[in-house]
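Asks: Sequence:
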Amino acid sequence: MLKTIIKIFIAPFAFITKYFKACIFFLILALIFANFNNEYTIDKNINLAKIYLNGPIVDSNSIYEQIKKIDTNPNIKGVLLLINSPGGAVGASVEISDLIKELNLKIPVVAYVQGVMASGSYYGGMHASKIFANRGALIGSIGVIFSSMNVENLMQKIGISTQGISAGEYKEIGTPMRKWTPQEKEFLNNLIQEEYHMFISDVAEARKLSISDYKKFAEGKIFSAKNAQKLGLIDEVGSMDDAINALKDLSQVQDPVWLEKNKFDDYLEKFLNSSTQLLLKNFTYQIY
Numbered sequence: 001m002l003k004t005i006i007k008i009f010i011a012p013f014a015f016i017t018k019y020f021k022a023c024i025f026f027l028i029l030a031l032i033f034a035n036f037n038n039e040y041t042i043d044k045n046i047n048l049a050k051i052y053l054n055g056p057i058v059d060s061n062s063i064y065e066q067i068k069k070i071d072t073n074p075n076i077k078g079v080l081l082l083i084n085s086p087g088g089a090v091g092a093s094v095e096i097s098d099l100i101k102e103l104n105l106k107i108p109v110v111a112y113v114q115g116v117m118a119s120g121s122y123y124g125g126m127h128a129s130k131i132f133a134n135r136g137a138l139i140g141s142i143g144v145i146f147s148s149m150n151v152e153n154l155m156q157k158i159g160i161s162t163q164g165i166s167a168g169e170y171k172e173i174g175t176p177m178r179k180w181t182p183q184e185k186e187f188l189n190n191l192i193q194e195e196y197h198m199f200i201s202d203v204a205e206a207r208k209l210s211i212s213d214y215k216k217f218a219e220g221k222i223f224s225a226k227n228a229q230k231l232g233l234i235d236e237v238g239s240m241d242d243a244i245n246a247l248k249d250l251s252q253v254q255d256p257v258w259l260e261k262n263k264f265d266d267y268l269e270k271f272l273n274s275s276t277q278l279l280l281k282n283f284t285y286q287i288y
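For the sequence shown, position 78 (counting from the first letter as 1) is numbered 78 according to my numbering, and the numbering increases by one without interruption.
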């Protein structure tokens, strides 16, 4: 009898162990199917939406897909942009900025800074109709960086050398395998200055600031929410409820019904953010 009870108890675990890959496969299919249904089902009661700009910015795909989903529902009258990101790649940040700017021309977008709105994420959210931040948030870091290691001495010590063929004087620019030449440094500096001036120019235009005062709000400085408000980088220091109330006023929605991310998207984003952070720890090239 005891053996029978034990067999009955361990039978499910034995089944899962034996068919683990199959179980994972069918679980993924179920999540994809659920995601597919959520993607194309329009709830006519939904009138507001949330967009999430979280973690390091590597590409703009997540924001694009979120906006695409909003565009399929004409009943959505406003968007709450939730930001908690240290920034990331220049191209993706500019794309997100353009996407939010275009969306804000159609329906009001109110941004709320949950933790950090820095560098590329500031670029991405600066075109919102209003920007709110909680009093512990960090805002700014308007600047550009290009960095790399020099592992030449280490490679010499362990007896490793590189070899390769390249065409073009600057093809190996930014390489970590040797010290950069003066010509390479000059080229990179000009590139960084070009990107930096584009950044501060776009910030000044979006936030109606004087570009001649860029040293006050830019140069890579990070600000508290209170000081960011004084500089004009955000509009209000407050809570998420304050941001939601502002969005309700701008969108003229009295009883919000939110378009939320489905669980599959949430799990996938968390997984991708975790993977990205691990990669960035070993990735020496960063912009913003």
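For the record, the hints were derived by calculation from the structure and aren't laboratory data. Mixed in with the good hints, there may be bad ones.
[Said to hold, decoys possible] Have a look at the derived ranges for each label pair, beta carbon to beta carbon:
id : residue 1 : residue 2 : range
1  : PRO74     : ARG135    : 45 to 53 Å
2  : PRO256    : GLU152    : 22 to 30 Å
3  : GLN156    : MET240    : 53 to 61 Å
4  : PRO256    : GLU102    : 51 to 59 Å
5  : HIS197    : LYS230    : 30 to 38 Å
6  : ILE165    : MET198    : 46 to 54 Å
[To be verified] The calculated BS3-like cross-link candidates involving lysine-lysine, where the alpha carbons are at most 27 Å apart (straight line), are:
id : residue 1 : residue 2
7  : LYS69     : LYS208
8  : LYS50     : LYS77
9  : LYS157    : LYS230
10 : LYS101    : LYS77
11 : LYS157    : LYS68
12 : LYS50     : LYS106
13 : LYS216    : LYS101
14 : LYS179    : LYS101
15 : LYS226    : LYS179
16 : LYS185    : LYS50
17 : LYS216    : LYS50
18 : LYS216    : LYS230
19 : LYS179    : LYS215
20 : LYS69     : LYS157
21 : LYS215    : LYS101
22 : LYS226    : LYS50
23 : LYS171    : LYS101
24 : LYS216    : LYS77
Ideal Cβ positions, reconstructed from N, Cα and C, are used throughout, including at glycine.
Asks: Run through the hints listed earlier and report the numbers of any the structure violates, in increasing order.
Replies: 1, 2, 4, 5, 6, 7, 9, 11, 14, 15, 16, 17, 19, 20, 23, 24
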